[in-house]
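Participant: Residue numbers (our numbering), protein chains in the order written: chain A, 1 to 337; chain B, 1 to 337; chain C, 1 to 337; chain D, 1 to 337.
These aren't lab readings, by the way, just hints derived from the structure by calculation.
Since the model is a prediction, treat every value here as computed from it, not as a measurement.
Hints are supplied without guarantee of correctness; some may be wrong.
To be verified - FRET-style restraints, in silico, Cβ to Cβ:
{"id": "1", "chain 1": "A", "residue 1": "L173", "chain 2": "B", "residue 2": "K70", "range": "30 to 38 Å"}
{"id": "2", "chain 1": "C", "residue 1": "E145", "chain 2": "D", "residue 2": "R260", "range": "38 to 46 Å"}
{"id": "3", "chain 1": "C", "residue 1": "I48", "chain 2": "A", "residue 2": "I48", "range": "45 to 53 Å"}
{"id": "4", "chain 1": "D", "residue 1": "E12", "chain 2": "B", "residue 2": "E22", "range": "27 to 35 Å"}
{"id": "5", "chain 1": "D", "residue 1": "F76", "chain 2": "B", "residue 2": "R64", "range": "44 to 52 Å"}
{"id": "6", "chain 1": "C", "residue 1": "E145", "chain 2": "B", "residue 2": "L24", "range": "31 to 39 Å"}
{"id": "7", "chain 1": "C", "residue 1": "E12", "chain 2": "D", "residue 2": "R94", "range": "55 to 63 Å"}
{"id": "8", "chain 1": "A", "residue 1": "P107", "chain 2": "B", "residue 2": "P78", "range": "46 to 54 Å"}
{"id": "9", "chain 1": "D", "residue 1": "L173", "chain 2": "C", "residue 2": "R199", "range": "35 to 43 Å"}
Stated by the list, open to error - A short list of chain A residues far from chain D (calculated; beta carbon distances all over 10 Å):
{"id": "10", "residue": "K27"}
{"id": "11", "residue": "E89"}
{"id": "12", "residue": "T106"}
{"id": "13", "residue": "L250"}
{"id": "14", "residue": "M283"}
{"id": "15", "residue": "R325"}
{"id": "16", "residue": "V333"}
Said to hold, decoys possible - Quick list of in silico lysine-lysine cross-link-like pairs, BS3-like style, CA-CA up to 25 Å:
{"id": "17", "chain 1": "B", "residue 1": "K27", "chain 2": "A", "residue 2": "K27"}
{"id": "18", "chain 1": "A", "residue 1": "K27", "chain 2": "C", "residue 2": "K202"}
{"id": "19", "chain 1": "A", "residue 1": "K118", "chain 2": "A", "residue 2": "K70"}
{"id": "20", "chain 1": "A", "residue 1": "K302", "chain 2": "B", "residue 2": "K302"}
Using N, Cα and C, we set each Cβ at its ideal position, and we do this for glycine too.
If you want the building blocks of each chain, they are given just below.
There are 4 protein chains.
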Amino acid sequence: MLIVMDRSATGEDVGRVVRAAERLGLKAHPIPGAQRTAIGLTGNKGAIGPAAFENLPGVFEVIRVSHPYKLVSREFHPEDTIVSVGGVEIGGGRIVVMAGPCAVETPEQTIAVAREVKRLGAEVLRGGAFKPRTSPYSFQGLGEEGLAILAAARKETGLPVVTEVLDTGSIDLVARYADGLQIGARNMQNFELLKRVGRTGKPVLLKRGMSATLEEFLLAAEYVLAEGNPNVVLCERGVRTFAEHTRNTLDLSVVPAVERLSHLPIVVDPSHGTGRRDQVIPMSCAAVAAGADGLIVEVHGKPEEALSDGPQALTPALFGELMGRIRPIAAAVGRSA
Amino acid sequence: MLIVMDRSATGEDVGRVVRAAERLGLKAHPIPGAQRTAIGLTGNKGAIGPAAFENLPGVFEVIRVSHPYKLVSREFHPEDTIVSVGGVEIGGGRIVVMAGPCAVETPEQTIAVAREVKRLGAEVLRGGAFKPRTSPYSFQGLGEEGLAILAAARKETGLPVVTEVLDTGSIDLVARYADGLQIGARNMQNFELLKRVGRTGKPVLLKRGMSATLEEFLLAAEYVLAEGNPNVVLCERGVRTFAEHTRNTLDLSVVPAVERLSHLPIVVDPSHGTGRRDQVIPMSCAAVAAGADGLIVEVHGKPEEALSDGPQALTPALFGELMGRIRPIAAAVGRSA
Amino acid sequence: MLIVMDRSATGEDVGRVVRAAERLGLKAHPIPGAQRTAIGLTGNKGAIGPAAFENLPGVFEVIRVSHPYKLVSREFHPEDTIVSVGGVEIGGGRIVVMAGPCAVETPEQTIAVAREVKRLGAEVLRGGAFKPRTSPYSFQGLGEEGLAILAAARKETGLPVVTEVLDTGSIDLVARYADGLQIGARNMQNFELLKRVGRTGKPVLLKRGMSATLEEFLLAAEYVLAEGNPNVVLCERGVRTFAEHTRNTLDLSVVPAVERLSHLPIVVDPSHGTGRRDQVIPMSCAAVAAGADGLIVEVHGKPEEALSDGPQALTPALFGELMGRIRPIAAAVGRSA
Amino acid sequence: MLIVMDRSATGEDVGRVVRAAERLGLKAHPIPGAQRTAIGLTGNKGAIGPAAFENLPGVFEVIRVSHPYKLVSREFHPEDTIVSVGGVEIGGGRIVVMAGPCAVETPEQTIAVAREVKRLGAEVLRGGAFKPRTSPYSFQGLGEEGLAILAAARKETGLPVVTEVLDTGSIDLVARYADGLQIGARNMQNFELLKRVGRTGKPVLLKRGMSATLEEFLLAAEYVLAEGNPNVVLCERGVRTFAEHTRNTLDLSVVPAVERLSHLPIVVDPSHGTGRRDQVIPMSCAAVAAGADGLIVEVHGKPEEALSDGPQALTPALFGELMGRIRPIAAAVGRSA
């Protein structure tokens, strides 16, 4: 930590900060400057935050130097983590595509889509049984019936299943059916939920919150790892900005940033990340080119009849086009797909 | 709803939209224009969303005309709602100030602060027993022990207690101790939590999410009201923007906007809304002047030793100054405080 | 400046940074820590930026400690600056209200509004002769004819005139007619324009850019002061966020932040800052309560016929109501209006 | 346009809107609904905006249906526009890479970089002679001396030159030396500058403003086209958000969005768009994969000594790596590079 003193701070003010640091077991290094004094603090094991100093007289600003996360950090764990979702490895160099309907609606719809996406190259089936909806009057998902349908689709196709868990009360239920547990953007900082999915040991697909900084995103993953569960796949799904041409603004720069700071794999959701069908293919290509470890894409047999998020779902035909388009790009960046 | 057709849309395309609308029980009104045709749809009871039309051939855009919320809307319920929190009425013309520590730390600290804020004019005690923290390594609150301390402080001072509930698993526990249940910003779209606090019938203090639009904020409240619980107090606590001079950007314009669209009371949290002690008093004054029904303010006996959010907590002396400053402003806008 | 080294940085890397600093005339203070070394740099007169170090091997991050502005800073000039606009003092404790039409349309409209706002308590007339418009097909202002109308309105009412200057080519023309030169939000970083209005010596009303940080805002003012012109009035007019209930999000927290960091006066534009007539009065009250030195408000005799920004203009009757509402609030915060 | 009436609007209110529309030469189509009436307006040639109706009694909301731009629109001009910059065609299917130093510093530095980037595959030389700088104390560029150096580098290498024009006063000067005129992000809504560069007929590289919506971006281009100059190349260079891991958030979704709405070519600036050297190559790959028509990249022989924006400049070696990485991606999306 670095304590920057006011230009008008007195020697007594500086001494008070030094003594406060020493009481906390830190070593203080005053750096007198032309305009003001700064005080470097060393020996912090991470538990002492800026609040211990910000209110002392004469303190202008407290600057944190080291990152507050550990287990997710590449500094502490240099090798890439590979997460196995029902036997499919994410983070190991291959581009893994997860696909399926936004919401599970019927067995027929789900199994038909699962067969199609498998045939076209998807390796994981996605689909929502519990749906977070902005309005209480929107379709909220089929619940356990939906989970059973996903399990039937897995049996039929062999594709492992990733589905969202909304609440601590239904973790056990969802974990019985699913190969991977998705935490949605709105729950990225539902810390109790993060702890509990951590304890299941199941792979977790953690979506970035709509206005989460990268540090907050990594700290949310840290909650899962701190429970002893290293199987986290990060997922960029667009952030909220002033821009109006897409529903969210897909922030692909987070892909190389995660790769630099963390050993966890990261995938991209171009469907929610843009909210528009005509953006899904170009943004999928861009995500693969930026270095993403995979994609999670909404596919629906009849998007115009979808009960949820139809405007962003691809038809199977378009999904086939997507797969054809990303393969040579994956090859160009040294991956296979 | 209004369907805007492409300039190149054919008569057949228009006919297809009209028939789709009629199948859904709506009435379609084509409006031919110089450059393109638009189609007005009437008879919608609110259940049919844009997705039913967005993917039909020739459709350029679908524009929703009416709001998706009902129970929270002033159009459906013109009179102001007054919410009673342990006998203290919020929304009835008086400015209600809720104050207390960010986190409950010890009985002594909590009771001492409760006595001070009561003496200085606060009417409700706030304090966190379960704390949502960005890092898993930060202090997470005392849990039930904290709730018991809050109850003791209530017994001592007579102040009703508002405290945060983080998870469906602890609602019953929190509801046994608290007079009002706070839903934090990170949980504003934790829909299961909203439904469950709705079912308790207890007053709910609902904080706006960090990047929530007003419509999303009101729909979150709609979740509570849809469970038969009309006792919701909305709370603005700052939104996330590019600006760096405050931790969040306090959006006071939401106060008159809520007043226009909803009958629910709205209070302002200048402590989290700015994250800086030196902003709390001026922004409290501004909130009252903008028409807020109350404030929720962090006060700590020794902010420099606070385990959570010390830099934004007021000392009791500054809280007294705040109360003195808002009284004449409340009077100026026709309120009492 | 503080240089934070990588955890893996070598002693050689540290030595290289130290030597680079010394070559630039700085003194380097290495601070070895448990996980990494940091290096404090002192002796910087402000001319050396982070770029000189960011690319050296082993450097993790460079943190700037002192602010890059000087002349606008309260640290260098503790007393409040009072700016006189045609004899009306802004920043001297009184709330100064500037009012008038968005755009000058006709002599009759302008003079009628000027008389009304003067009668109701405004002290400066605002009105646009050169209008920045998002679309090339919108009304662009009357140009010099509009300036002449403003001058006539001043002659008629005695109100000094503030009007926008769009381009270096028209500064001399505008300066001949106006008492204060307004720099619009879109031109806040039009640095050539800032330098040239600086050289006129005329009072400058500098609006904050739509996504300008406070530091950028103050540096824009620094451009004017660096030309020897201390007569700058800052103006908050809303920033761009995801929020949709107002056209821009009025960031009132910038008012106390400016007061802390700078000696320049700051006023608030609730008309552009919200874009909605029904927000203008409550946000004006809030701005005065937050400590603003004045307001700049759009008033139009017949807003529904205005050629520009009608939806946010007040009628004279509403402007009278505004003046009546802010007076007791000004008194409550120790000001007069 | 669609006028949405209040639920409480009377028949008289509706009649008043209809008559107002008719007075403006429009045709009004009332659409009575269950909860409220809407009124479709047709016959608008684009000159009549929402302001004409927003303030009439009983009006709840006015929704604009058609886009306010024409000349830049693909609806009006379906074929892709190809812009020739000194003989290099942008928008014609090939990926055009523009490269060079952020600022022109010396003849040696500039010519050396020009030779390197040409050898490695760049087709246009970029470099700033007039630099917009946030602080008045930062290096502001060499001015005409810098233009002469760029011209010398062109003579030496054959690369056409694109450079920024900051102010109407220097357009003629810059136009004498440059093959293409760049309008920077801070000037995207400097409308006088847009008109004047429009009149030069020279190719214009128009950068998106830091918080510009796509509609504002296209309307800025419309200003240039409305002067009779169709030679506009759009450029995405990152927008301002809450995210901190890059200096700006590169919004690649604007590339397919522009392609859908406009016939103008669009290139991407990954250097300013991210502000970090380690992001430039992955984001360049992503931009090409998303469908961009080209890139504009900062390259500096010794980035650690650069007078401006060193942390984002590539070395020639890294630029060579970039060219090698984008070629197979260009091929994968059916382009050449």
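Participant: Taking C-beta pairs only, is K27(A) more than 10 Å away from all of chain D?
Facilitator: holds, 29 Å
Participant: Can you let me know if the beta-carbon spacing of E12(D) and E22(B) is within 27 to 35 Å?
Facilitator: For E22(B) against E12(D), whose Cβ atoms are near 32 Å apart, the range 27 to 35 Å holds.
Participant: Has the hinted range 30 to 38 Å been met by the Cβ atoms of L173(A) and K70(B)?
Facilitator: holds, 31 Å
Participant: Using the beta carbons of E145(C) and L24(B), state whether their distance is inside 31 to 39 Å or not.
Facilitator: violated, 56 Å
Participant: Do the beta carbons of L173(D) and R199(C) sit within 35 to 43 Å of each other?
Facilitator: The hint (35 to 43 Å, Cβ to Cβ) is violated, given that L173(D) and R199(C) are roughly 20 Å apart.
Participant: Does the beta carbon distance between I48(C) and I48(A) stay inside 45 to 53 Å, or does it fall outside?
Facilitator: violated, 31 Å
Participant: Are all beta-carbon distances from E89(A) to chain D longer than 10 Å?
Facilitator: holds, 22 Å
Participant: Regarding the assertion that M283(A) does not contact chain D, is the least Cβ-Cβ distance greater than 10 Å?
Facilitator: violated, 6 Å
Participant: Next pair to validate is K27(A) with K202(C); report whether the Cα-Cα distance is within 25 Å.
Facilitator: Distance ~52 Å between K27(A) and K202(C) Cα, so the pair is violated.
Participant: Check the hint pairing K27(B) with K27(A) against an upper bound of 25 Å on the C-alpha distance.
Facilitator: Violated, at about 75 Å.
Participant: At the C-beta level, are P107(A) and P78(B) separated by a distance inside 46 to 54 Å?
Facilitator: holds, 47 Å
Participant: Given a hinted range of 44 to 52 Å, is it respected by the beta-carbon distance of F76(D) and R64(B)?
Facilitator: violated, 28 Å
Checked against the numbered hints listed earlier, the structure breaks hints 3, 5, 6, 7, 9, 13, 14, 15, 16, 17, 18, 19 and 20; every other hint is satisfied.
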